[in-house]
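*Asks:* Read off the chains here:
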Amino acid sequence: MIRVEAPGFGSTVQDRGRPKHVRDGVPISGPADPFAFRAAQALVGNAAEDACIEAIGLPFSFRCETSRVIAVTGREVQVTVRDRLPGWTSIFVRAGDLVRVTGTERTRYAYIAVSGGVTTEVVLGSRSAYPRVGIGAVLRAGDALPLGDARRTAEYAGRHVTFTYPEDIAAIAGPHADRFADEALARFFSQPFRASPQSDRQGLRLEGPAIETPEGEMLSFGVVSGAVQVPRGGSPIVLLADHGTTGGYPVIATVATADLGSVAQRAPGETLRFYRVDRERALRLGRERAALLDTA
Amino acid sequence: MNPRITAFGDSALMAELGEVFDESVAAWARTLALFWDLGPAVPAYTSVVVSFDPDQVDAEIAERKLRDLVDRGPTYVYEAEPDKPHAIRTRLVEIPTRYDGPDLDDVATRSGMSRDELIRVHSEREYSAIFLGFLPGWAYCARLDPRIIATRLPSPRPRVPAGSVGVVDGQTGVYPYPSPGGWRLIGSTEAVMFDANRSPASLIRAGDRVRFVPR
Chain H
1 MIRVEAPGFG
11 STVQDRGRPK
21 HVRDGVPISG
31 PADPFAFRAA
41 QALVGNAAED
51 ACIEAIGLPF
61 SFRCETSRVI
71 AVTGREVQVT
81 VRDRLPGWTS
91 IFVRAGDLVR
101 VTGTERTRYA
111 YIAVSGGVTT
121 EVVLGSRSAY
131 PRVGIGAVLR
141 AGDALPLGDA
151 RRTAEYAGRH
161 VTFTYPEDIA
171 AIAGPHADRF
181 ADEALARFFS
191 QPFRASPQSD
201 RQGLRLEGPA
211 IETPEGEMLS
221 FGVVSGAVQV
231 PRGGSPIVLL
241 ADHGTTGGYP
251 VIATVATADL
261 GSVAQRAPGE
271 TLRFYRVDRE
281 RALRLGRERA
291 ALLDTA
Chain Y
1 MNPRITAFGD
11 SALMAELGEV
21 FDESVAAWAR
31 TLALFWDLGP
41 AVPAYTSVVV
51 SFDPDQVDAE
61 IAERKLRDLV
71 DRGPTYVYEA
81 EPDKPHAIRT
91 RLVEIPTRYD
101 GPDLDDVATR
111 SGMSRDELIR
121 VHSEREYSAI
131 FLGFLPGWAY
141 CARLDPRIIA
151 TRLPSPRPRV
161 PAGSVGVVDG
171 QTGVYPYPSP
181 GGWRLIGSTE
191 AVMFDANRSP
201 ASLIRAGDRV
211 RFVPR
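Going line by line, the protein sequences match chains H and Y.
For the first sequence, counting from 1, position 289 maps to 289 in our numbering; every step adds exactly one.
For the second sequence, counting from 1, position 43 maps to 43 in our numbering; every step adds exactly one.
I should point out that these hints are in silico values taken from the structure, not numbers from a laboratory.
Positions of the beta carbon are idealized from the N, C-alpha and C atoms, including for glycine.
Treat the hints with caution; some may be incorrect.
Selected chain Y positions facing chain H (Cβ under 7 angstroms, derived; list incomplete) [as the list claims (entries may be wrong)]:
| no. | residue |
| --- | --- |
| 1 | Pro3 |
| 2 | Ala7 |
| 3 | Phe8 |
| 4 | Phe35 |
| 5 | Pro54 |
| 6 | Gln56 |
Please model the entire structure based on the sequences and the hints provided.
*Replies:* Dropping the structure here:
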């Protein structure tokens with residue numbers, strides 16, 4: 001069991017997500033920064049389906065009732081357990097220790113994995129919270145979260161993943177790239193955008209150069225995480241974990257899965273620029289990221 | 001139009017099956033989604049988006065698989081349960097409805113009908129749940145009687161209550177949760193459209209027949 005002391009603002013339990021109910025309009029959810037999530041899980045020896053805490057609005061603090069290996073990942077995160085420790089490192093925490101996770105003004109999401117995983121209720125095949133429809137809830141001070149049996153012991157501590165969030169974002173053109181004017185596409189792949197404060201787990205809104213949208217209405221279609229929708233008015237939205245299953249705005253490009261976290265972690269006012277890759281290169285980026293976890 | 005398959009990022013594909021909505025194209029999209037077994041699949045009016053895990057299956061192979069499914073054509077279209085892909089589906093869902101929406105009179109006037117006529121025309125027809133999206137349990141139901149004229153509100157309401165029955169552009173549907181919304185509201189229901197702890201969670205599922213029963 002772990003007990004939440006400082007809950008942050010909007011923190012939830014997340015696992016890989018809920019892919020089997022998209023046909024009923026249920027968002028997949030899961031981590032906004034999938035690579036940081038995977039890294040945290042790998043650092044504590046968890047299985048792919050285990051759940052961890054996605055902390056938003058740091059600081060986030062908690063106590064473990066039993067000794068556990070834990071790891072905290074995310075952008076510019078640090079952990080304090082008596083001493084201040086780096087993120088992206090597995091740490092052995094003793095029963096009763098207060099664990100305090102902090103970030104910088106550039107941290108949006110931190111992942112706190114505990115060996116054995118958080119074992120809150122499974123709803124529709126997943127522990128991922130989607131509070132909008134009463135699936136799970138935002139974490140509050142005093143919440144007690146059950147844990148599974150520890151998968152690793154103290155000797156597992158000290159492992160580390162080295163990862164730097166890239167500045168520029170790899171994206172594949174389309175599926176509606178050919179409906180945009182060549183200049184609009186060129187502008188999208190060259191001009192810098194700014195992350196809007198009106199961003200959340202559903203999507204990162206962009207401010208910056210207006211992208212001219214194609215004429216006419218579109219019939220709604222299925223969408224995926226990373227899709228860059230361009231509504232009329234021209235300010236693109238990059239869809240993230242809690243996005244609705246369908247959308248109706250043309251999708252100029254789709255962010256490479258490997259760079260989804262770099263988009264999600266962009267703080268309000270920060271800039272981001274997209275560069276064009278083909279599917280092969282996007283998948284190669286994903287394999288390179290995954291290889292960073294081999295050391296964990 | 002020849003069906004077109006496009007990459008949707010590095011781990012999904014979009015098959016566009018037609019350019020204009022018609023029930024047979026939508027049914028084809030739903031069937032393709034049921035047959036896709038490599039990951040999530042979302043059907044819509046004229047397209048289906050299927051995902052795969054590139055760590056498990058080569059993207060080229062996933063693409064060829066979708067191409068093969070699409071190439072079979074729409075001839076094997078039948079509605080099926082997700083767990084029984086070959087069962088014929090004829091489920092009828094009835095939504096008890098009070099025709100008390102704030103836009104009822106407005107829609108009736110625009111459609112050149114009396115309030116009672118509008119209620120009769122809306123509730124007489126059996127709709128098809130084309131697909132779900134926007135919110136859990138939100139089914140896009142078509143088609144509205146063409147005599148019902150309902151365009152999107154010029155500026156959406158900031159908060160539409162759960163259970164509101166709306167119409168817009170040839171479609172009708174029920175808001176499962178409070179949400180901003182631009183549909184014209186003609187009624188309301190107490191039916192629980194989505195409940196994560198119920199099985200199935202969604203009252204209306206893609207491909208169901210739907211009727212609104214006046215209360």
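*Asks:* Does each hint hold? Answer for all of them.
*Replies:* Okay, the hints, checked on the actual structure:
no.: 1; hint: Pro3; in the structure: 13 angstroms, violated
no.: 2; hint: Ala7; in the structure: 5 angstroms, holds
no.: 3; hint: Phe8; in the structure: 5 angstroms, holds
no.: 4; hint: Phe35; in the structure: 13 angstroms, violated
no.: 5; hint: Pro54; in the structure: 5 angstroms, holds
no.: 6; hint: Gln56; in the structure: 11 angstroms, violated
Violated hints for the displayed structure, listed by number in ascending order: 1, 4, 6.
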